[in-house]
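J.: What follows is the residue order along each chain.
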Amino acid sequence: MGSDLPERKSGAPSFVLWAVKDPTSGNLDRIQVVKGWTKNGQIFEKIYDVVWAGDRKVDPETGKLEPVKNTVNIQEATYQNSVGAVELNKVWTDPDFDPSLDAFYYVRVLEIQTPRWTTIQAHQVGIVPPTSGTALGVPQPIALTVQERAWSSPIWYTPSSDARAQAPKGVTVADLKAQGGTALDDAQLKELVVGKILKVRDTASGHTYEILYGATGRRLITSVDGKQPEPGDPFHVDDANSLGAPAHYEIKDGKIVTMLGNVPFDVAIYKVGDKYVGARSNEFGYANYELISVTPPATPDAGVGGL
Amino acid sequence: MERSLDRPQTTRLRGWIREPLLHFLLIGAAFFGLYRWLNPLTTQPASGSRIEVTEDDVRQMDDYWMGQWHRHPSADEWRSLIDHKIREDILYREAIAMGLDQGDTIVRRRMAQKMDFLMEDVAALHNPGREELKAWFEKNTERFAFPPRFTFHHLYFSPDKRGPTTRQDATRALGKLASQDGGHVPADLADPFIFQSDYGDRTPEQIAGVFGGDFARALSGLKAGSWQGPIESGLGWHLVWIESVTPSRIPAYEEVEADVKTQWVSDQRAEVKRRAFETMKSHYVIVMPPAQTSPPTSQSVTLSQTPP
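Residue numbers (the numbering used here), protein chains in the order written: chain A, 8 to 314; chain B, 3 to 310.
Just so you know, not all the hints are guaranteed correct.
Claimed, not checked - Simulated pairs of lysine-lysine, DSSO-like, Cα-Cα distance not exceeding 30 Å:
| id | chain 1 | residue 1 | chain 2 | residue 2 |
| --- | --- | --- | --- | --- |
| 1 | B | LYS163 | A | LYS97 |
| 2 | A | LYS71 | B | LYS163 |
| 3 | A | LYS64 | A | LYS184 |
| 4 | A | LYS16 | A | LYS42 |
| 5 | B | LYS163 | B | LYS141 |
| 6 | A | LYS176 | A | LYS53 |
| 7 | A | LYS184 | A | LYS206 |
| 8 | A | LYS197 | A | LYS282 |
| 9 | A | LYS259 | A | LYS42 |
| 10 | A | LYS76 | B | LYS178 |
| 11 | A | LYS64 | B | LYS163 |
Stated by the list, open to error - Listed below are several chain A residues computed to face chain B (Cβ distance under 7 Å; list not exhaustive):
| id | residue |
| --- | --- |
| 12 | VAL27 |
| 13 | THR31 |
| 14 | ALA92 |
| 15 | VAL93 |
| 16 | ASP281 |
| 17 | GLY285 |
Don't read these hints as lab results, they were simulated from the structure. Yeah, the Cβ is synthetic: ideal placement off N, Cα and C, and Gly gets one too.
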């Protein structure tokens with residue numbers, strides 16, 4: 008199961024995807040490819056909608072495919088195979104292929120919405136299906152319908168040593184030190200970040216973040232690529248939970264220490280000439296964050312004053 | 003000579019035997035011994051403090067290693083194997099001494115399982131004679147029935163391509179086929195099917211695996227030698243031409259002799275186990291909570307379920 012892609016110098020790989028529904032279950036909604044890759048010590052993951060049933064459009068604003076119509080009758084715990092497809096297939100070529108990066112691909116096939124087992128059992132015993140699990144100690148709300156899915160084994164891509172050598176090298180902490188860079192100490196860090204908005208460019212992903220380090224030990228990502236961050240948006244796997252939600256931070260031992268989902272990560276900032284570069288503790292020695300600007304947060308008063 | 007030497011000792015012994023203090027001590031020791039025998043020290047390791055790695059243990063470890071890696075363990079691996087065994091032995095004994103086996107679901111289940119295996123081992127089975135097997139087969143023929151087998155080909159009408167008119171298209175196609183002669187099927191009358199267009203000698207179970215249960219059931223009502231349908235499957239609508247049907251039948255004893263014996267043995271084993279358990283159970287008094295007069299409420303049924 009699964010496989011390895013052969014080494015390649017250029018040209019994106021193509022995949023033949025083909026799925027047929029289970030004759031005793033719901034029709035197919037779509038086939039997706041899930042791709043994961045690493046770059047400069049960071050982990051990335053992206054989901055591509057490859058082929059889907061019906062005449063649905065991808066929203067150019069959000070990049071999301073219109074969901075398949077939900078045919079579930081909650082009360083009767085039934086669904087209709089009037090939407091979705093029996094069979095889906097397509098040849099898909101990775102639009103973002105980079106021969107110098109380690110990557111994996113796997114395929115995921117989604118069924119149309121069908122009643123969740125709780126909905127089916129509730130119908131059988133004649134009660135309203137549960138939507139809250141608090142009585143059972145389940146913090147999440149309980150869905151009434153689900154999209155069952157099947158997935159493939161992964162296909163791995165490992166670059167040749169030539170391809171690796173040709174890839175642009177990321178900056179490492181060792182490089183910064185070799186250029187005479189020095190790590191900021193606690194006092195310098197406080198001076199630089201506390202009560203400021205730092206605009207930072209992640210050189211691995213190319214995304215720009217604005218991070219507000221509050222005076223009271225709260226850290227908030229206020230924008231991603233100049234837009235309001237969307238919670239759960241997988242711009243960056245590690246940051247998925249923190250976008251738009253404040254996290255606690257403190258400065259100690261020459262690091263900015265932030266908790267992300269109960270896992271602490273440290274950021275050290277190095278001064279090289281008149282530039283500042285940040286390195287995270289969980290990125291294997293890479294220093295991926297270029298500081299673009301430091302500004303005090305806009306206060307409500309500033310706007311009023313203009314009037 | 004002997005007597006004269008013996009005599010003073012015997013008298014001294016007699017004196018001792020009459021000594022009440024000795025009686026008291028002996029009775030005390032007997033009580034103590036009885037008490038210890040009835041209440042063994044629980045903090046003492048189960049089988050002393052000696053751990054012996056025997057030749058057999060070594061051979062077993064070697065065999066196990068060979069089975070996994072197809073070679074003998076190296077010196078380093080031996081050391082770690084032995085260390086591991088000793089460590090496990092010590093921790094096991096300490097755990098038993100602390101009573102960690104008590105009230106542990108997994109330990110209980112494992113012990114019960116071992117007992118179950120043991121009962122199977124003691125299930126002394128006699129070798130059944132041919133007559134005995136045959137008589138048993140006559141009583142249980144329905145367990146050996148051969149399923150029917152269908153040989154058919156079909157035309158597929160895809161809901162992906164035709165949408166809501168799929169069924170009508172199939173019906174119309176059936177009309178067209180009726181006016182054709184000799185079962186000739188015009189090209190592009192139907193749609194390409196994902197799997198096969200011909201299926202030979204398939205059981206309803208095999209057919210259900212591809213098309214779904216309803217389709218498999220529908221086949222048994224069809225006449226052979228003409229286009230029939232439309233029939234709905236889990237994948238769309240079909241016109242079906244049945245070539246031949248081998249009906250379900252009870253085989254002759256000779257056809258399934260080996261199978262009968264296997265089934266007989268497993269039946270007997272289950273029976274012996276059941277009886278052995280009934281005997282064990284008869285030594286116990288089982289106390290149940292007061293009989294539940296009403297079934298659990300539907301609410302609690304739902305809530306007590308866990309996701310599959």
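J.: Does each hint hold? Answer for all of them.
T.: Here's how the hints hold up against the structure:
no., hint, verdict
1, B:LYS163 to A:LYS97, "holds, 16 Å"
2, A:LYS71 to B:LYS163, "holds, 25 Å"
3, A:LYS64 to A:LYS184, "violated, 50 Å"
4, A:LYS16 to A:LYS42, "holds, 19 Å"
5, B:LYS163 to B:LYS141, "violated, 53 Å"
6, A:LYS176 to A:LYS53, "holds, 22 Å"
7, A:LYS184 to A:LYS206, "holds, 23 Å"
8, A:LYS197 to A:LYS282, "holds, 17 Å"
9, A:LYS259 to A:LYS42, "violated, 37 Å"
10, A:LYS76 to B:LYS178, "violated, 35 Å"
11, A:LYS64 to B:LYS163, "holds, 19 Å"
12, VAL27, "holds, 5 Å"
13, THR31, "holds, 5 Å"
14, ALA92, "holds, 5 Å"
15, VAL93, "holds, 5 Å"
16, ASP281, "violated, 56 Å"
17, GLY285, "violated, 42 Å"
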